[in-house]
Structures are given as C-alpha cells and as structure tokens.
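Protein chains in written order, with our numbering: chain A, 1 to 240; chain B, 1001 to 1240.
Bear in mind the hints are in silico, worked out from the structure with no lab data behind them. Keep in mind it's a predicted model, so treat the numbers as computed, not measured. We treat Cβ as the ideally placed atom computed from N, Cα and C, and that holds for glycine. Be careful, since some hints might not be right.
Below 35 Å or equal to it, Euclidean Cα-Cα: the simulated DSBU-like pairs (lysine-lysine) are [said to hold, decoys possible]:
(1) A:Lys52 to B:Lys1221
(2) A:Lys2 to A:Lys108
(3) A:Lys52 to A:Lys96
(4) B:Lys1096 to A:Lys108
(5) A:Lys221 to B:Lys1080
(6) B:Lys1033 to A:Lys221
(7) A:Lys205 to A:Lys52
(8) A:Lys96 to B:Lys1096
(9) A:Lys109 to B:Lys1033
(10) A:Lys80 to A:Lys52
(11) A:Lys205 to A:Lys33
(12) A:Lys96 to B:Lys1080
(13) A:Lys96 to B:Lys1109
(14) A:Lys221 to A:Lys33
(15) A:Lys33 to A:Lys96
(16) B:Lys1033 to B:Lys1221
(17) B:Lys1057 to B:Lys1096
(18) B:Lys1096 to A:Lys221
(19) B:Lys1080 to B:Lys1096
(20) A:Lys2 to A:Lys109
(21) A:Lys96 to B:Lys1052
(22) A:Lys57 to B:Lys1080
(23) A:Lys109 to A:Lys33
(24) A:Lys57 to A:Lys2
(25) B:Lys1080 to B:Lys1221
Negatives, chain B to chain A, calculated, CB over 12 Å [stated by the list, open to error]:
(26) Thr1012
(27) Asp1028
(28) Lys1080
(29) Asn1090
(30) Ser1105
(31) Lys1108
(32) Pro1144
(33) Thr1147
(34) Gly1150
(35) Arg1168
(36) Glu1172
(37) Leu1209
(38) Phe1234
2 protein chains.
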Amino acid sequence: MKRRLLLVSNSTLHGEGYLQHCQQHIRDFFGEKVTRILFIPYALHDRDAYAKTARQKFQSLGYELDSIHEAPNPVDAVRKAQGIFIGGGNTFRLLKTLYDHNLVSEIKKRVLEDGVPYMGSSAGTNVSTVSICTTNDMPIVCPPTLTAIGLVPFNINPHYLDTDPNSRHMGETREQRIMQYHEEPDTPSVLGLREGSVLLVEGNKATLLGTTNACLFIRGKPATQHEPGADFSFLLTDTN
Amino acid sequence: MKRRLLLVSNSTLHGEGYLQHCQQHIRDFFGEKVTRILFIPYALHDRDAYAKTARQKFQSLGYELDSIHEAPNPVDAVRKAQGIFIGGGNTFRLLKTLYDHNLVSEIKKRVLEDGVPYMGSSAGTNVSTVSICTTNDMPIVCPPTLTAIGLVPFNINPHYLDTDPNSRHMGETREQRIMQYHEEPDTPSVLGLREGSVLLVEGNKATLLGTTNACLFIRGKPATQHEPGADFSFLLTDTN
C-alpha cells in the first residue's frame, strides 16, 4: 500500500506560530518531489483568510499552495494534486462540505491507490480516519454520515486532554467521552493525540512523532500511554 | 399554549448529590397533581443503574418513577405519562434512541398539546430545543437528523463554560464554538446555561432560575449576561 499520511493533532501550540511545532515534519513528509500542495480550507468559514494563512506558511517551507475553494472544479483539483493538506476548524462542517463536493471517495482513491501524500491537522486528521465519531467539535451542521475518508482503520481524538483533577466542572472528561464511544458495538480503537503530537503513516508502518505522549484506547481494555517514537503499526491491521 | 418545561443545565453540581441543586424547583414544577414521572434513561448505556439513581431521588421528593426502558411499549408509555423527565448523558445516543422508538413527535404532542410537564437535564435539555447542534457531546452514534423535539424555538448549550484565560489548550473555547454555529445560515439563538442554572418555561413565559448567570448568544450580536430571575420570554417568539 502506497499510503503516506502526516496526521497532526493541532495546528498551533500555545505561544507558537501556525504549524510551527511540526514544520520540520512537514518538510520531511512532502520532501522535494512535491512542489505544490492542494489545501482544503472547508473547516473554517472564512476560506480566503484561511488559505492566506496556510499559503504564507507553506511558501516559507518552500511549497506553493493552491486552495481548493478557488478551483473551478474541486474533484478535478484533487485528481491533479501532488499533495493534499486539510486544515482544522469544525469537523462537521468539513466533512459535510467534502461530501457536498463528492470529494470523500476521490481523496481516498488518490491517497490509497496513487500514493498522494496527505497531511491533516485537527479536523483534517479526524476526517482521515474511520469516522468523525471522536471529534471534539460542536455539530453545527449535519453531514450525510459520520463515516469519514477511512485512510486508516482506527479513529483519532485530536487535542487529547487529560482530566484536570482540580476541575469543578461536571461535564464528561475526554476519557469518559471515549469510553462512552466504546460502549457502542463495533467501535474501532481511538488514538488520543495530545497537542504537540503527530502520527506518521507510511504504508503499513505508523510512528508517533512530536513532543507529547499519546493515549491509546482499545475497546474493552484500559487506556495506555505511548512516548514519541512509539510504533503504532499494529493499529493499521483491520482487526485492531 | 399549555407548555410547561423545566430545563436544567446539569444534574449534579460539584460536591453535591444527584439533582440536589434543583430539587426545590422540581417539587414546585411537578407539584402535587403529578404522582408518577416517566423517566427516559436513553442517554446512558446502563439504563437499569440510571433508572435506580433517578427513582431514588424522585421517591425522596414524593414521586414514583417509571423508566421507559422497562415499559412494554415506549410510545404507549409517553401517551399515558403524567410527567416526563429525560436525564443527561450522551445527546447523540439519546436523540437517536428517541427516533428509533418513534418518540420525538409523540413527546412533542404530549407536551405542547396536552400540557404534560417536561423536565430535562443536560442532554435531556438539549433534545427539548430546536436541534442538538449546540451539544457539548461526542458524536458516538449518528441520529437520523440533528433536529430535536422542538419544544422551544431556540437552542440551549448546557454546562456552559467560560473561557479560562490561563489555559494553554488550543481547542476552541465554548464561545468560539457557538460563534461558529452562528456563522451558519438560519441558526437560532443559543442560551448558554452555566452549571447551576435552570430555565422554567410556562406557556409563553420563560424565566431563569438557579444560582448562576446565563449567557445569551443572538446571531450577529455580542453575547450578553443575564442574572437569575431574568425574563427570557422574548426567546419564545419564533422570530428571535
């Protein structure tokens, strides 16, 4: 399988610039063969402003950036893309717009069959997995389904947040929410990527990059912690 | 309109017992004519345990409690109910199960036409509004639509949480999430009920009860703060 994915938990770390924390991983990932990146800004309302921010960052890293919202035909833009980057924002809005433009199956085909490198950040990471059932976002719009692009056979929870023992707020903790997901039948494993974490997938190999530990939830088992460098290739088998 | 609603932000305040913070409001709301409450536990996985917790509390307040998951015919149980209480948990699971059992239109009819008193807590409050688009919950299952029972023409965000200025977490704040909702067309006002807040609706009158201020988001306007006792009747007109 030609699959190459760079799945980032969050675009911006506190006190840093946009995509600063993972910029070396971005360079390593897209390398020198890719010269233009197709950017998908659908997760945010102001697509022009979003494309401008992303373009500035990618130009500083040596890549030209085309935003799909400026393309006359979005499906055609995906068919011609050398590399794809889907940015963060609202995951429901993002997935709905991908379906509205018939892009879900097209992106899947390009990445899995043609080996086009795919980078996602936050919502862009959520939509690369089995479903958006483990997003943190508010369901501000209703996509036709929660099933996502399915580039990997597990789910990710980006911006994973540890329980604050001093909190007096009584909403569910992140861990409780993921446990509730696993109360439902046939739900896949969930990798909680803390801010600062990145998952690199190359073919059937998956490796944790970045500066923070990841928290893995396998249905029916206690959650486990994993340090940067951890090999998550076992999550890429369909039976995890 | 006969509508009578008691919409509670959260069942349990930090350090207190189940429904303790609003128990006097519950007594005042159901009064002495109602002797049995129909409880809907669908938002949690363990319905037996949930019904036991709710039954103990309501018995201590002088009411018998029937849980709908023990009824041979859920629609029939709603048709016969003197009063309804939908408890909190996962809002997506709750709404999906209400649709699975054909209860959405039946509850609406009973409450709006027959004047059956309706109490909701957290997820049970979310489903009483226009839609669950302003829930905080994880979309662990996919309901057929996000449109909810529609007992009021606005949305509520329960467990409303103020932005923590010291947080280094980069996920969207609650205010940002509701603002993103209002970037979408034709979205109704959103009443953010902090933990400890309760909204009482009687016919065309709505009043804030409880111990905390509520935060109101009207599309295109800055958010406003409202103290307990505030009159929110203007939200009950369809054109808010």
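Structure-based check of all given hints:
Taken as a hint, the Lys52 (chain A) and Lys1221 (chain B) pair is honoured in the structure, with Cα atoms around 27 Å apart against an allowance of 35 Å. As the CA atoms of Lys2 (chain A) and Lys108 (chain A) are separated by approximately 12 Å, the hinted pair is consistent with the 35 Å bound. Between Lys52 (chain A) and Lys96 (chain A) the alpha-carbon distance is near 23 Å, which keeps this suggested pair within the 35 Å criterion. Only pairs whose Cα atoms come within 35 Å are accepted, and Lys1096 (chain B) paired with Lys108 (chain A) is accepted, the gap being roughly 29 Å.
For the given pair, Lys221 (chain A) sits about 42 Å from Lys1080 (chain B) by alpha-carbon distance, which is inconsistent with the 35 Å threshold. Proposed proximity of Lys1033 (chain B) and Lys221 (chain A) is contradicted: the alpha carbons are some 48 Å apart, above 35 Å. As the CA atoms of Lys205 (chain A) and Lys52 (chain A) are separated by approximately 33 Å, the hinted pair is consistent with the 35 Å bound. Of the supplied pair hints, the one linking Lys96 (chain A) and Lys1096 (chain B) holds, its CA atoms being roughly 19 Å apart against a limit of 35 Å.
For a cut-off of 35 Å, the pair hint linking Lys109 (chain A) to Lys1033 (chain B) is broken: about 63 Å separates their Cα positions. The straight-line distance between the Cα atoms of Lys80 (chain A) and Lys52 (chain A) is roughly 21 Å, inside the 35 Å bound, and the hint therefore holds. Note on Lys205 (chain A) and Lys33 (chain A): the hinted pairing holds, with a Cα-Cα distance of about 21 Å set against a maximum of 35 Å. The straight-line distance between the Cα atoms of Lys96 (chain A) and Lys1080 (chain B) is roughly 40 Å, outside the 35 Å bound, and the hint therefore fails.
For the proposed pair Lys96 (chain A) and Lys1109 (chain B), the alpha carbon gap of about 32 Å is at most 35 Å, so the pair holds. Annotation: proposed proximity of Lys221 (chain A) to Lys33 (chain A) is violated, straight-line Cα distance about 42 Å (limit 35 Å). For the given pair, Lys33 (chain A) sits about 32 Å from Lys96 (chain A) by alpha-carbon distance, which is consistent with the 35 Å threshold. A C-alpha spacing of about 42 Å is found between Lys1033 (chain B) and Lys1221 (chain B), which places the hinted pair above 35 Å, so the restraint is violated.
Distance hint between Lys1057 (chain B) and Lys1096 (chain B) is fulfilled; the C-alpha atoms sit about 26 Å from each other, no more than 35 Å. For the hint pairing Lys1096 (chain B) with Lys221 (chain A), the CA-to-CA distance comes to about 26 Å; that is within 35 Å, so the pair holds. This hinted pair checks out: Lys1080 (chain B) and Lys1096 (chain B) have alpha carbons roughly 22 Å apart, not beyond 35 Å. Our distance criterion of 35 Å between C-alpha atoms is met by Lys2 (chain A) and Lys109 (chain A), whose separation comes to about 11 Å.
A C-alpha spacing of about 40 Å is found between Lys96 (chain A) and Lys1052 (chain B), which places the hinted pair above 35 Å, so the restraint is violated. Proximity of Lys57 (chain A) to Lys1080 (chain B) is assessed by CA-CA distance (about 62 Å); at most 35 Å being required, the pair is judged violated. With a C-alpha separation of about 20 Å, the suggested pair Lys109 (chain A) and Lys33 (chain A) falls inside the 35 Å cut-off, and the hint holds. A distance of roughly 27 Å separates the Cα atoms of Lys57 (chain A) and Lys2 (chain A); the hinted pair therefore holds under the 35 Å criterion.
Between Lys1080 (chain B) and Lys1221 (chain B) the alpha-carbon distance is near 43 Å, which puts this suggested pair outside the 35 Å criterion. Non-interface call for Thr1012 (chain B) relative to chain A: violated, since the shortest CB-CB distance, roughly 6 Å, does not exceed 12 Å. Every C-beta of chain A lies more than 12 Å from that of Asp1028 (chain B), the closest at about 23 Å, which supports listing it as non-interface. Remark: the non-interface label on Lys1080 (chain B) is consistent with the geometry, its nearest Cβ contact in chain A lying 30 Å away (cut-off 12 Å).
Not every beta carbon of chain A lies more than 12 Å from that of Asn1090 (chain B), the smallest distance being close to 5 Å; the non-interface claim is violated. The claim that Ser1105 (chain B) is not at the interface with chain A holds, since no C-beta of that chain comes within 12 Å of its own (minimum 19 Å). The beta carbon of Lys1108 (chain B) is kept farther than 12 Å from every beta carbon of chain A, the shortest such distance being approximately 19 Å. A beta-carbon of chain A comes within 12 Å of the beta-carbon of Pro1144 (chain B); the shortest separation is about 10 Å.
Some Cβ of chain A comes within 12 Å of the Cβ of Thr1147 (chain B); the nearest lies about 8 Å off, and the non-interface call is violated. Distance to chain A confirms Gly1150 (chain B) as a non-interface residue, since its nearest Cβ pair spans about 15 Å, more than 12 Å. Remark: the non-interface label on Arg1168 (chain B) conflicts with the geometry, its nearest Cβ contact in chain A lying 4 Å away (cut-off 12 Å). Its closest Cβ contact with chain A, about 7 Å, brings Glu1172 (chain B) to no more than 12 Å, contrary to its assignment away from the interface.
Separation of Leu1209 (chain B) from chain A is adequate, the least Cβ-Cβ distance of about 18 Å exceeding the 12 Å criterion. For Phe1234 (chain B), the non-interface assignment is confirmed: its Cβ lies about 24 Å from the closest Cβ of chain A, beyond the 12 Å cut-off.
When the structure is compared with the earlier hints, violations turn up for hints 5, 6, 9, 12, 14, 16, 21, 22, 25, 26, 29, 32, 33, 35, 36 and for no others.
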